[in-house]
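Asker: Hey, can you piece these two chains together into the complex? The hints should help.
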Amino acid sequence: MRSAPTIEWRASSTVSEMIRFRDVSKYYRAGGRIITALEGINLSIEGGEIIAIVGETGSGKTTLGRISVGLERPSKGEVILEETNLNLVKDRREIWRKAQYVHQDPYSSLDPYLTVWDVLERPLKYLMGVKSREEQKDRIEGVLEEVGMGEEYWGKRIQELSGGERQRVLIARAFIVRPVYVVADEPTTMIDFIHRNEVLGLLTKLRDDFGTSIMIITHDISIARISNHIGVMFAGRVVEYGESKEVLSNPLHPYTQLLLSVIPEKLVESNPVREKLTQRGVFSLQGKGCRYLSRCPIAMKGCEVKEPTLEEVRPKHYVACFAY
Amino acid sequence: MIALPLLTVRGLKVIYVTQTGSKEALRDVSFQLEEGEFLGIMGESGAGKSTVGMALMRLIPPPNVVRGQILYRNEDVLGMDERELRAYRWRQVAMIFQASMNSLDPTSSIGKSFQQLLLDKGVAQNKREARELARKLLEEVRLPEGVLDMYPHQLSGGMRQRVGIAMAISANPSLLIADEPTTALDTVTQFSILNLIIDLKREGRIRSVIFISHDLPVHAYVAERLMVMLKGYVVEEGPKREVFTRPLHPYTQFLVESSKLEGKGLRLKRREGGGCPFSDLCPQAKEVCFRKAPSLVEVSAHHRVACFIYGE
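So the sequence lines, in the order shown, correspond to chains A and B. Position one of the first sequence corresponds to residue 1 (the working numbering), numbered consecutively onward. Position one of the second sequence corresponds to residue 1001 (the working numbering), numbered consecutively onward.
Only chain B is shown next, with the shape it has when bound in the complex (with noise of 0.2 Å):
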């Protein structure tokens, strides 16, 4: 039997429409998240790569448009009603991100918080089991018992952002995705979060993870996988190690590049755009790159690129 991939992504179209105009945000991304797996997003800002996320858990309402295909486990993800949309989110798919450590109630401790949520969402049926419950879930990212009775401003970032992680693995998710969790940490404390995640996940706490970072360092700590993004496209993917060491795509090249000591600080000269996301400043544009995006195509196992560099 062939295993079903958790997550299958085709075609994926976001356009955000406000009063002044409309943007498209992601263009066209396509991508499967197998059962088990580390997917790092990276991307700058503007890339798309949160509203992937925000795709993924259905967080993008209407008048903006959401096209292509998100199926999960097989279940069409923007075709949901509310109710199968209670059952999905955090319970399936759970979401942390950067500011989810400034998103805890000031006013309520640490473990009324906890129990508001367990008990909203029927993960606990009374206040006892509310408590036990969510001392079990601060033990496993490694915090005292005491944080129950503390408020938020009392927390360092650090420990602000494990108390998300507890929330967010309280109903035992499949997939968690984490947007930008560390971004706003210490090189210390960031590493330490990165640690638990990690941790979580060889000890089969967390499944799956899709991880998102603007931030290289970061990916080359946990992804396996790493898919890389561009003004709405994905323009490479494949195992970390292949994408960091033997990068196809000039942006990533370029991206790769800027990130050694011994780097080059290479200089890209700006110029007229079109078609591919990166034309505009690609060294190694040619006439075609100027008139059409180029799509994915696998140029070695599991490493997809989309440049006409490897072919039309």
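In isolation and in its complexed conformation, chain A is listed as follows (with noise of 0.2 Å):
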């Protein structure tokens, strides 16, 4: 028997809530000291939605990707992925057959040796247990048409394919289980100018053919113009969370301020952001004020004595800042 042409395939959208974190946090030990990656994370994604989740390096947006597919497990708190919650999932291919991560990196997260479809096939033997040469020819084919991959491309291997070529085999390998939720961990970093919207607008595409939620995890807030969300992390805790459009037209934060200053329109313009940019010191994982102090351009008195926590100050739209 054949099975149904992969266009047919949605993801679940009768859930509304694909995916929450209640109160999830993340320490690693390091050397005698424990480092906080995470910190009481609380965040919910739709079903069929985009979100961008922007931080710099160390902001914890990797953890908080990992952690939802079930690559990490955190150290407080669940993540209940549609009903299940992850942290009682013995066998993590349960979680996999459901949630995928698309790794930064196309260089060294594919076997350059393989072919494409060595690749594609891989999860569907052993992950989702297709063994009919006929539907894995079906899904293999389908998957690779969705990523604008045509026959020729079957039998190439991963290193006779350039950085865009490799970035859509990642996501047709995550794609390929059919999953309900993926996360793109930095999905245009590795790849050239030219190709960044192509997979922006591929990933757009496969949300809009199959219903996925999708996890975007970016340090260029431009970026996330694509996505219906946007969570600004900061050491370890989202600062910022809203409707994107809200909060690119109004950021609140001035940390989320300072990340869309710093856009070459805003840059020719005159120098704005040359007052905000001054590094005042080293900002404090443990302790206690506001992590974002050091920094902070409109820091008030108070700030040093307490941990701002997220509130809805305009409707729909979050922020962690006590200016508000």
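Where chain A lies over chain B, by a calculated footprint (3+ residues, C-beta under 8 Å):
id	segment
1	1179 to 1193
2	1216 to 1224
3	1236 to 1244
4	1249 to 1260
What the hints contain is simulated information worked out from the structure, not anything from laboratory work. Virtual Cβ for every residue (Gly too), placed ideally from N, Cα, C.
Answerer: Laid out in structure tokens, this is it:
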């Protein structure tokens, strides 16, 4: 029996909430010290939406993504995917049948000697138990068509592909299991400008075609324009969250404002950011006070005493800052 | 008297030769750098921007091929012998790299590394002088004296890059070439390093800068003049503000448009190319574009573009 054509598959769009983080924290032990990667994350991702998690190196955004697909376990709190508490899943392959992770580096995360076919066949065989040659062919053909790669690619080895093509293979590998949720970690960082919009367009199309929820992890806030929601992370916490349009046009947290001020169109005109960019010290991950304090241009009395929590200050627009 | 340009590059061509074949990294690069200028070289991976820096430093050894002309204050850089190169490299033209923050000796304190460099190159005569000079250099890059007794692993990425800059400027070079010096750093640290370079230039501590980066925001922030490269060619060159607000080349237009928050997210269709380096993707390509590469023509004062849209 032949399987249904790929195009008819849709993620269960009846679920309005795809994934929920409940008070998720992650600590790492390093040389006798405890490093806080994530602290008290509460966040939900809707079915069929793209959420952009924006932040710099060390903000915890990759840890958040990895925890959400069961690649790591939280130290505290829990992640609920559809109705499943990931903490309680014993065999992680169960998670990976539903949730997939697209790694950042398309050069190091694919074996250069494998063919495109091999790469896509493996998750089908070992994760989904699809043994029939016929069905394998259908699914591989279908997913490659989705990412815009024709029959001529089937037998090509990974080493023959460009960065943009490898990125598409990575995305195809994630979508071939027909996941309900996919994390794309810096999907445009390693590829040329020319192909960035292509990859973003592809992710949007896959979301539209299949209703998959997608988390895009990025340090480049301009990419967030294709998302439905934005979560801005700093030092292990979400400091701002809201609908993308709203956050991009009314950034509230000084860190979000900084990220939005370092885009070319603003920088060419004047240098409004110079004073915002002075680094006053090392931010504290533990202890009291707001973790943005050492960099904050609008710090007030009291910021050093207590850490602000995420509050709704405009309709559905949340920020963790005492200025509001 | 007409001031002599600091640097004149004419028809620079670089071919990397390996056992498996050769690759043309630079096909035809010509530009001038005036004394006191801040030139940004913009391009994505494979554009050849780093190769320009390496060629200027004479860091591309045979069997690789370097052709064309590089004049530094009328001296022929490609013709220099070892002795002339020693007087030119680092003393006249110094370079910092993205990795220069990782190139410090992990087993030597920063003070020791400075001492070795300054004594080896004869900038300081004895250890006491070297330490005194190192302290002054650290102050210039806004680092406390205590850093001298620290080891590279104790410094943050931003601090290591500051040390790299201090070392690069220790012989008072006329030109600093910076190749992606802030790429591995986070936004705030990145801009604090850019501020440092801007400040050093304003103070006259660095006179001229060539800044190589793939990052548009960085160029928008630091450069005065911008040169856009693609596949070994210079495709556009002009004052930064002009290039960003009125880009002429379809490639530059694409880059600038893509960097906008409200951007249209243009997508380009790839086809068989040839001639112009952008012909395989250019939405405005004409028949002639596939036959030959256009050369740079001046469209308005100081704004040059290599594109047949603006005449053949």
